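Mind docking chain V on chain W? Use the hints.
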Amino acid sequence: MTRRAGWSFVSPAVTAIAVVLIVPVLAALALSFTDFDLYGVADRHNVRFIGLANYRHLLATPLFWSALGNTAFFVAVGAPLSIAVSLGAALLLDGRLVRARGAFRTALFAPVVTTVVAVAVIWRDLFHTRYGFLNYVLGGLGVHPIDWLGDPHWSMPAMIVFAVWKNFGYNMIIFIAGLQSIPGELYEAARIDGAGRVARFRHITLPALAPTLLLVTILTMVGYFQLFAEPYVMTRGGPAQSTTSVLYFMYEEGFKWWNLGYASAVAFVLFAIMLAGTLLQLALARRWSRA
Amino acid sequence: MIRAAVIACVLLACHADDAAVTVRLWAMGPEGEVVGTLVADFERAHPGVHVEVQQLPWTSAHEKLLTAFVGDATPDVTALGNTWLPELAELGALAPLDAEIARSSVIAPADYFPGVWDINRLDDHVFGVPWYVDTRLVFYRTDLFAAAGFARVPTSWPDWLAALRAIKHQVGAARFAILLPVDEFEQLLALALQQDEPLIRDGRWGNFESAGFRRALTFYLQLFAEQLAPVVTDVQVSNPWDELARGYFACFLHGPWSIGELRRRLPAAQQALWSTAPLPGPNGPGASIAGGTSFVVFRRAAHPREAWQLIEYLSRPDVERRFYALTGDLPPRRSAWADPELTGDAQVAAFRDQLERVKRTPPVPEWERIATEMRTVSERAARRVSPATTPGELAAIVDDAARELDARVDQMLDKRRWILDRREAAR
Numbered sequence: 001m002t003r004r005a006g007w008s009f010v011s012p013a014v015t016a017i018a019v020v021l022i023v024p025v026l027a028a029l030a031l032s033f034t035d036f037d038l039y040g041v042a043d044r045h046n047v048r049f050i051g052l053a054n055y056r057h058l059l060a061t062p063l064f065w066s067a068l069g070n071t072a073f074f075v076a077v078g079a080p081l082s083i084a085v086s087l088g089a090a091l092l093l094d095g096r097l098v099r100a101r102g103a104f105r106t107a108l109f110a111p112v113v114t115t116v117v118a119v120a121v122i123w124r125d126l127f128h129t130r131y132g133f134l135n136y137v138l139g140g141l142g143v144h145p146i147d148w149l150g151d152p153h154w155s156m157p158a159m160i161v162f163a164v165w166k167n168f169g170y171n172m173i174i175f176i177a178g179l180q181s182i183p184g185e186l187y188e189a190a191r192i193d194g195a196g197r198v199a200r201f202r203h204i205t206l207p208a209l210a211p212t213l214l215l216v217t218i219l220t221m222v223g224y225f226q227l228f229a230e231p232y233v234m235t236r237g238g239p240a241q242s243t244t245s246v247l248y249f250m251y252e253e254g255f256k257w258w259n260l261g262y263a264s265a266v267a268f269v270l271f272a273i274m275l276a277g278t279l280l281q282l283a284l285a286r287r288w289s290r291a
Numbered sequence: 001m002i003r004a005a006v007i008a009c010v011l012l013a014c015h016a017d018d019a020a021v022t023v024r025l026w027a028m029g030p031e032g033e034v035v036g037t038l039v040a041d042f043e044r045a046h047p048g049v050h051v052e053v054q055q056l057p058w059t060s061a062h063e064k065l066l067t068a069f070v071g072d073a074t075p076d077v078t079a080l081g082n083t084w085l086p087e088l089a090e091l092g093a094l095a096p097l098d099a100e101i102a103r104s105s106v107i108a109p110a111d112y113f114p115g116v117w118d119i120n121r122l123d124d125h126v127f128g129v130p131w132y133v134d135t136r137l138v139f140y141r142t143d144l145f146a147a148a149g150f151a152r153v154p155t156s157w158p159d160w161l162a163a164l165r166a167i168k169h170q171v172g173a174a175r176f177a178i179l180l181p182v183d184e185f186e187q188l189l190a191l192a193l194q195q196d197e198p199l200i201r202d203g204r205w206g207n208f209e210s211a212g213f214r215r216a217l218t219f220y221l222q223l224f225a226e227q228l229a230p231v232v233t234d235v236q237v238s239n240p241w242d243e244l245a246r247g248y249f250a251c252f253l254h255g256p257w258s259i260g261e262l263r264r265r266l267p268a269a270q271q272a273l274w275s276t277a278p279l280p281g282p283n284g285p286g287a288s289i290a291g292g293t294s295f296v297v298f299r300r301a302a303h304p305r306e307a308w309q310l311i312e313y314l315s316r317p318d319v320e321r322r323f324y325a326l327t328g329d330l331p332p333r334r335s336a337w338a339d340p341e342l343t344g345d346a347q348v349a350a351f352r353d354q355l356e357r358v359k360r361t362p363p364v365p366e367w368e369r370i371a372t373e374m375r376t377v378s379e380r381a382a383r384r385v386s387p388a389t390t391p392g393e394l395a396a397i398v399d400d401a402a403r404e405l406d407a408r409v410d411q412m413l414d415k416r417r418w419i420l421d422r423r424e425a426a427r
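Taken in sequence, the protein lines are chains W and V. For the first sequence, position 271 (counting from the first letter as 1) is numbered 271 according to the working numbering, and the numbering increases by one without interruption. For the second sequence, position 419 (counting from the first letter as 1) is numbered 419 according to the working numbering, and the numbering increases by one without interruption.
For reference, chain W alone in the conformation it holds in the complex (with noise of 0.2 Å):
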């Protein structure tokens, strides 16, 4: 009775989730053994299944390749890069001495709520080759002009910068949050131990930190991947397509030339591939806790 109950009361939200995400998501993987295109759109007699040849099809595309080079660039560069000057912003503003705490904490946290598409416009403007201003600086110092988002080499660390710069307000909020809850005793027992700034921020920061820090770093480590909205604005895959990470690549295969079933199979390997980077996250994170 209880139990009729229970699934009662709960039956509209799993109905919920099975219309907006179960349905759909077995919906595209059904997709994607098939070649539905243009075509498909015209007639459903003209889509064939094709068992896994999307698949293998795609494991065989040299741009499906460098994208993924692209994107676990990204990731492997940007997110402990974001992270920690996330955690160096955080920690900053956390120190005792800091005045205008809130006013720091807002203007660092302002690039987080801004539009990625007008703060894009922006970038590329301070990445100019001729005009821009971070060229200007570099110029001072003595460096030759960097052709920032004309040069494939340069292309993907712009990129990061943009994206460092874009999104490290928000893990920062997070650090700060996590650096309130570490009691202050800590501190003080260690200080008259005779620990040092170093020996405090290794031996009790960082472990009191831990869980946030997991936390942070799979949020981080999952939006990165998805990165999109940069490249689209900046460069559009762009330039020698250095630039195409795997969702430009799935949004151009789904949406520009309408490869519904192609782009199916580039979404599910994505998600093989996020899935497996958390789980590696999870396992080394509880064996780090355990040592």
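No false leads were mixed into what you were given.
Result set (DSSO-like, lysine-lysine): computed pairs, CA atoms no more than 30 Å apart in a straight line:
no. : chain 1 : residue 1 : chain 2 : residue 2
1   : V       : K64       : V       : K415
2   : W       : K256      : W       : K166
3   : V       : K415      : W       : K256
4   : W       : K256      : V       : K64
Keep in mind that the hints were calculated from the coordinates and are not lab data. All values reported here derive from a predicted model rather than from experimental measurement.
Leaving out everything else, chain V in the frame of chain W:
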């Protein structure tokens, strides 16, 4: 209850309009804003017909058209970008207009520029009527060409190349003779369309290894190899008009909209320093891309007859001239060009000449994708060449690019070949 309310609303709406016919027109971009003023006159001439104009931004128009087709919500008539026509015709979304055109006293196919009229012909049917045209030709700095000893842009590739070299010699290392953004395909496409061989064979296979395409690609890459053109992307030179004024380059290949941009952006003192010229060809005046927008009627249109009347009205030479005055978009018919405002304008007149020599892009639904692939491959090739590249190395780079392009395009057309085979077997 809700249903009753809806029915009541519908009845009231009908009553209010007094059995008037409402033609739904979708128009993209800035033209969508302007067409309203023309439509008002049409409504005055056709009492009982009301035109409902919906504006779509170009960026989302393609998606919207496809979803409207799937959701059975297409309008009566729309102005369609020319590269999308084969795709929507393939979907069976468009109504053939042959009978209407044959009967029409307003729309005379022979009056249209042949290359422009050709765009809407597919499988022996005509699916659209051109509204305005777009092609690419040379915008150039008259003073920079004159300083290098050229009174105007030469008409053949060898002479053009000589002029560009002379300009580069004058302006030095930091400035260039021509702008060809490496992430745009239009420039190379225009050169490739000048060749005799088609880019797609039988609508089934890529034909990029043909001598013609390789000739075009060689010429294109030579401009980068000799540093006559900078290796820059469209994003880096997002404002080519001001850069032309500053002399960063002496010419670039653009469409009619740049006339308006240059007139708006450049100071009065510089207005006499730029002009336009037809695109040079391999051995004399060459072809360029036939682009633009055409009116189409949807197969599921509720009021095809009134939609056709609207197309006829907007295609009248006098209405096209008014449309030109409002937007700067060039008319597709010769009779509309017989106007001193167009022919007397030296910066516009080159387009009249060029429009007699425009060619359409291959009419396959995959074309946009193929053009993007062409851009990817040519961009990579442009980044591989330098003044140190020998003619032999250049030929090898061209061969590589052509081979890769054919392989990729053949794979893209795989589904199309299957569809065509099946269709032929069914016949």
